[in-house]
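Undergrad: This is what each chain is made of:
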Amino acid sequence: MVGATPPAEPEPEHPPAPEQEPAPEHPPEPEQPPAPPPLPEDAEIARVFRQEYGRAVAVLTRILGDIGLAEDAVQDAFTAAVQRWPAAGTPPSPAGWIITTARNRAIDRLRREAGREDRHAQAALLQAAGAGAAAATPEELLLDELSGEGTVDDDRLRLMFTCCHPALATNAQVALTLRLLGGLTTAEIARAFLVPEATMAQRLVRAKAKIRDARIPYRVPQGAELPGRLQPVLAVVYLIFNEGYSPSSGAGPVRGDLCREAIRLGRLLAALMPDEPEVQGLLALMLLIESRRAARLDPARRDGDGGVVLLADQDRRLWDRGLIAEGQELVRRCLRRNRPGPYQLQAAINAVHSDAPAAAATDWRQILRLYDQLLDAAPGPVAALNRAVALAEVEGPERALHLIEGLGLEGYHLLHAVRADFLVRLGRPEEAAAAYRTALELAGSAAERAFLESRLRGLKAWDQEA
Amino acid sequence: MAQYLLSIYQPVGPAPAPEVLEPIMRDLEALNGEMKAAGAWVFAAGLHPTDSATVVRQQGSEVMITDGPFAEAKEHLGGFTVIEAADLDAALGWAGKLTRATTLPVEVRPVQH
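So the protein sequences, as listed, match chains A and B.
In case it helps, my numbering puts the first sequence at residues 1 to 466.
In case it helps, my numbering puts the second sequence at residues 1001 to 1113.
With the rest of the complex left out, here is chain A (with noise of 0.2 angstroms):
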């Protein structure tokens, strides 16, 4: 049952990164302590926290000036919400409740800390004073904040720019996103990413504080500028669905919720700037590739591999029809524009996989152009490994085989699984099973070590019946 084995899935084009830790972190500074994750004890205010946190946060820090000010003044209006929806009721506009509730204790808290000399407070009030100062009621104030769902949305895209300011590490870009925008708790960030709590909490204080210190700004950058700080926008969003996708290493329930905010932060940015070509193409990759968890992480269809499925022995009626309708829609707007890029490429490559309504009716060939282009574009190993898998569907696996050597991939366990494949098509047993065990020594999560663990028994039974 070997005999014809699949092309490996194809794997998004950046392995994640795994986290490497900077020398010693220095403890938290005292006077900023990480902000406890707040509580929310009702259903219906957990559902507000988790759709509202972000756009709120954003608002008050273009309200506030300061980030740090504005994610505790929405702390306080969440907690208060807590002492007084379940009695009250949830209010017509939680948002707005929320919103104004922010504000009004941001500024009681802002004039107790201005009393005692504080310059930053009585800069941060001045602002706060003079962003609503004509509005004396909560519903004045709401149609302020509120009018144009654009001015919030505004916000939003401002707040991502500064998370993934290029002068921040990638992984504090990553935290800062998931904690500020998608509202995830510093431990359940630590959770994704595999590291202790408090060093999740030191990476966000100081990330923040550099933020705040070196006055990085909160604005979406403009004109020529834009390409460039566009680009750790999308690698963050996409780094964060990676993650949950394939993770590094471990499992954890908190990986699916990563791709669902990737996908959300992606449509986000797809409404947010419809002109930006490389934008929807993010969108439709990761939703062209979410279209398939359900075939490719089914536990039960399969016993002993972990739940991985290659994409040639997934049941496509498994398959999410919507989702792919929508990323190909995506992809044909993105053709049409004629502007192609990485991103765009990645996801017309899923599209034609979306296509085929079975793995032997893959067009092949058209995969093939598209690595092409995609390597024209962007240059890696791993895009040069998956030309590769796509160049053996076209025209046998030699010349594919002796492509994939001198990648620089040595450390990648995919390269391996792609390397036995390849040898087990040439009629290469012995040396399959070795590119395995060395797949298996690199895997990171329990699934793809139990993959190839099962690859790797198909291969010593397929011998043993030679």
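Keep in mind that the hints were calculated from the coordinates and are not lab data.
Just so it is clear, the structure is predicted and the values come from calculations on it, not from any experiment.
Among the hints, erroneous ones may be present.
Residues on chain A that point at chain B, a partial pick, calculated with CB under 8 angstroms [claimed, not checked]:
{"no.": "1", "residue": "R47"}
{"no.": "2", "residue": "A167"}
{"no.": "3", "residue": "D213"}
{"no.": "4", "residue": "P217"}
{"no.": "5", "residue": "V394"}
From chain A, some residues computed to sit far from chain B (all C-beta separations above 12 angstroms) [to be verified]:
{"no.": "6", "residue": "D72"}
{"no.": "7", "residue": "Q83"}
{"no.": "8", "residue": "R84"}
{"no.": "9", "residue": "D153"}
{"no.": "10", "residue": "P166"}
{"no.": "11", "residue": "A169"}
{"no.": "12", "residue": "A214"}
{"no.": "13", "residue": "P221"}
{"no.": "14", "residue": "E225"}
{"no.": "15", "residue": "P227"}
{"no.": "16", "residue": "R264"}
{"no.": "17", "residue": "A294"}
{"no.": "18", "residue": "L297"}
{"no.": "19", "residue": "A360"}
{"no.": "20", "residue": "P379"}
{"no.": "21", "residue": "G458"}
Just so you know, even glycine gets a beta-carbon here, dropped at the ideal spot from N, CA and C.
Knowing the structure of chain A, use the given hints to seat chain B on it.
TA: For chain B alone, coordinates are given in the frame of chain A:
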């Protein structure tokens, strides 16, 4: 407005040949002029090599004087510029021009105020 220290790091070793150094100094002077015209320039200086450095530190009740730079390193502070800028992006813009003019890496740090 805030102030930022732009530190220019240069490798240890002899100064570049005059034909290399001259265009750099010209570019640097032009950049200082541009910073002044924009109201961003506060102060700038180039430093003598670390051979000329002396370290002074308190030890008990004494003040110790020793020869040499504070830390031996492959790169050291070769000069610096203090600028006034609205935010980090504006400071990074000037730092980009400074690194192009000097062909050396520049560290940007906000000044406490």
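Undergrad: Enumerate the violated hints, using their earlier numbering and listing them in ascending order.
TA: Of the numbered hints, 1, 5, 10, 12, 13 and 14 do not hold.
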